[in-house]
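Q: One letter stands for each residue in the lines below.
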Amino acid sequence: MAVLELHQVKKSFGSGHKKVEALKETDFLANRGELIAIIGPSGSGKSTFLTIVGGLLSPTSGDVIINGENLTTLNEKARSQIRLREIGFVLQASNLIPFLSVANQLKLLDKVKKGNMSKVERNQLYEDLGIADLLMKYPSDLSGGERQRVAIAKALYSNPSIILADEPTASLDSDRAYEVMELLKKVTKQKKTTTIVVTHDIRLVDYCDKVYKMTDGVLSTALENHTRVQHMAYEGKI
Amino acid sequence: MFLAWQEIKKNKLRFTLITGILMLVSYLVFFLSGLATGLANLNREAVDKWNATAIILTEESDKSLYQSFMSIDQLNDIKADETAVIGQLNVIASNGDSKQNISLFGINREEFLMPDVTEGRDFKKANEVIADDSLKEEGFKLGDELSLSSSDQLLKIVGFTDQARFNAAPVLYTNLATFHQVKFGDAAKQNKDQINGIVVQNDSLSNLTQNDELTSIEIETFIQNLPGYTEQKLTLNFMIYFLFGISSIIVAIFLYVLTVQKISMFGVMKAQGISSYYLSWSVVAQTFILASIGTALGFAFALVSGAFLPAAVPVSFDVTVMVLYGFILMAVATAGAFFSVLTIVRIDPLKAIGG
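Residue numbers (the working numbering), protein chains in the order written: chain D, 1 to 238; chain Z, 1001 to 1355.
Simulated from the structure, these hints should not be mistaken for lab results. Incorrect hints may have been included.
List of simulated lysine to any residue pairs, SDA-like, C-alpha gap at most 25 Å [said to hold, decoys possible]: (1) 1351/Z <-> 43/D; (2) 24/D <-> 14/D; (3) 111/D <-> 1008/Z; (4) 113/D <-> 1073/Z; (5) 111/D <-> 1277/Z; (6) 137/D <-> 1063/Z; (7) 1010/Z <-> 103/D; (8) 113/D <-> 1264/Z; (9) 1063/Z <-> 1073/Z; (10) 113/D <-> 1265/Z; (11) 192/D <-> 215/D; (12) 107/D <-> 1063/Z; (13) 107/D <-> 1011/Z; (14) 1351/Z <-> 140/D; (15) 1010/Z <-> 100/D; (16) 19/D <-> 1350/Z.
Negatives, chain Z to chain D, calculated, CB over 10 Å [unchecked claim]: (17) 1007; (18) 1082; (19) 1083; (20) 1187.
From the three backbone atoms N, C-alpha and C, an ideal C-beta is built for every residue, glycine too.
Produce the entire structure from the sequences given, and follow the hints as far as they go.
A: Structure follows, in structure tokens:
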């Protein structure tokens, strides 16, 4: 079942001869339980894609539909509600609030989302993500990997339909990066969310169900059941 | 409130500094308000003691009791429920050890200007006086014989009364005959009908007198026209109002700097769907918490330090005024969060997540 649909979505900045098409006409479909990677170099339009999908940026034209609701017809307040309800963001370490303990990071979401997660579900989430022992710690006390585990917990809090991860492993070493991707894969399958990871780190694509490549604002067709070799072939490296 | 309080708890030093500054500002406000009340009392407490509606002075006196000269016969021109005549003179009194500027009130014992005696007894004979008890701190005591700067008369303190200062000078109450002796000396007999004013207690202020040479002045207006009273009050009030502005600006600057430091964090939170309203409310709540703590501490310190001040410092805390000023301080400090709220509303979550 399609959770996210993009129809003929375009985004351009500026006008006249200064006009830049950051995202060219794009169609995209993501189903429940899929872990999708969008790869590409810096400036290729990955972040534009992610921010449009996340309702942070309005497309110049086209429709973005999340669970049947067209984001492009909504005002900022309504989009903000959708973000709160339907979308979980995993960014770099900066998405943790420095003065809140891990428990309070999640309690804050509980307050603004009016708490639709039971205590049992919450404890299960802590167990699943291995953060039960970190609840009283502050972000500055956590390692990079631990921070991202908490960030994923925040994204998963209140059971969103979509998780958008922007370079979630950028500040991590290889082992930690794989650990985070394992975790994203696990929660995607367990909770049947749709997870879209934007990255330029090709080591991560092995964990994904589909891989799209973004080049100069053009999204490629999906590579399914890929392997690293397939990906590298797609890259033209072999 | 949750976010606001958690941040305060985590960054204790930072917020203690802000609270400390607010505490000092509020302390200064409360202290100045105490000083304003104390100085005002110094000028007006003897008049407040009259519990009067108005005072009748001559038209040409320009609302000054000292400059008003009338005859006691003019009492017949006054229509009021209660009247009391008063003669007033500024002199320097000495008991041999101490000298003090005093205000001598000549009154009739049976009229309502007669003060309650807190120590000693009423004046009964010529040259007996009841003195304001602040004179005791200057070394004056019951039985002291006072020599006066402008008279050969000697006055004897037979009683004390409380809260009886007029235009910053302690009052000596005596009968009219003694007052005339002090004021006119050998010419006292010829001037035995001379008084300075007539104090009235009446339900209405209108039509107290039809005499064109006299004017009725509401007591509050009379006080406002005491020499230096309004100027002093305005100066201190101006300082207090200025401090309200300063506290607002201090809070605005501190919070704005803190908010700017947190723009990226707020942006991420907005990207996650947390509304500008929630974040703005958090900053306002935080300011309110800091302002409340700072003001409460300032309030407490003002009262504590007031208790240890020497009696010569004219500080008198009016708790009602202090509470009012406290609320104003909290309100203006909270208003200082306005710029931060504006900043939060303008944060683009897209920029915060590097889009």
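Q: All hints, please: hold or fail.
A: These are the hints, each one checked on the structure:
1. For the hint pairing residue 1351/Z with residue 43/D, the CA-to-CA distance comes to about 15 Å; that is within 25 Å, so the pair holds.
2. At roughly 14 Å between alpha-carbon atoms, residue 24/D and residue 14/D fall within 25 Å of each other, so this suggested pair holds.
3. As the CA atoms of residue 111/D and residue 1008/Z are separated by approximately 18 Å, the hinted pair is consistent with the 25 Å bound.
4. Of the supplied pair hints, the one linking residue 113/D and residue 1073/Z is violated, its CA atoms being roughly 84 Å apart against a limit of 25 Å.
5. Using a Cα cut-off of 25 Å, the hinted pair residue 111/D and residue 1277/Z holds, with the two alpha carbons roughly 14 Å apart.
6. Between the alpha carbons of residue 137/D and residue 1063/Z the distance comes to roughly 73 Å, so the proposed pair goes past 25 Å and is violated.
7. For the proposed pair residue 1010/Z and residue 103/D, the alpha carbon gap of about 14 Å is at most 25 Å, so the pair holds.
8. A hinted pair counts as satisfied when its Cα atoms are at most 25 Å apart, and residue 113/D with residue 1264/Z qualifies at roughly 21 Å.
9. Annotation: proposed proximity of residue 1063/Z to residue 1073/Z holds, straight-line Cα distance about 20 Å (limit 25 Å).
10. Pair hint residue 113/D plus residue 1265/Z holds up; C-alpha atoms about 18 Å apart against a cutoff of 25 Å.
11. Simply put, residue 192/D and residue 215/D have alpha-carbon atoms about 29 Å apart, too far for the 25 Å limit, and the pair is violated.
12. In summary, the hint linking residue 107/D to residue 1063/Z is not supported, as the alpha carbons are separated by about 68 Å, beyond the 25 Å threshold.
13. Our distance criterion of 25 Å between C-alpha atoms is met by residue 107/D and residue 1011/Z, whose separation comes to about 19 Å.
14. A distance of roughly 23 Å separates the Cα atoms of residue 1351/Z and residue 140/D; the hinted pair therefore holds under the 25 Å criterion.
15. With a C-alpha separation of about 8 Å, the suggested pair residue 1010/Z and residue 100/D falls inside the 25 Å cut-off, and the hint holds.
16. A hinted pair counts as satisfied when its Cα atoms are at most 25 Å apart, and residue 19/D with residue 1350/Z qualifies at roughly 20 Å.
17. Chain D draws residue 1007/Z into its interface by the beta-carbon criterion, the shortest separation being 5 Å against a cut-off of 10 Å.
18. Against chain D, the non-interface label of residue 1082/Z holds: every CB pair exceeds 10 Å, the least being about 66 Å.
19. No beta-carbon of chain D comes within 10 Å of the beta-carbon of residue 1083/Z; the shortest separation is about 69 Å.
20. Its beta-carbon lying about 82 Å from the closest one in chain D, residue 1187/Z satisfies the requirement of being farther than 10 Å from that chain.
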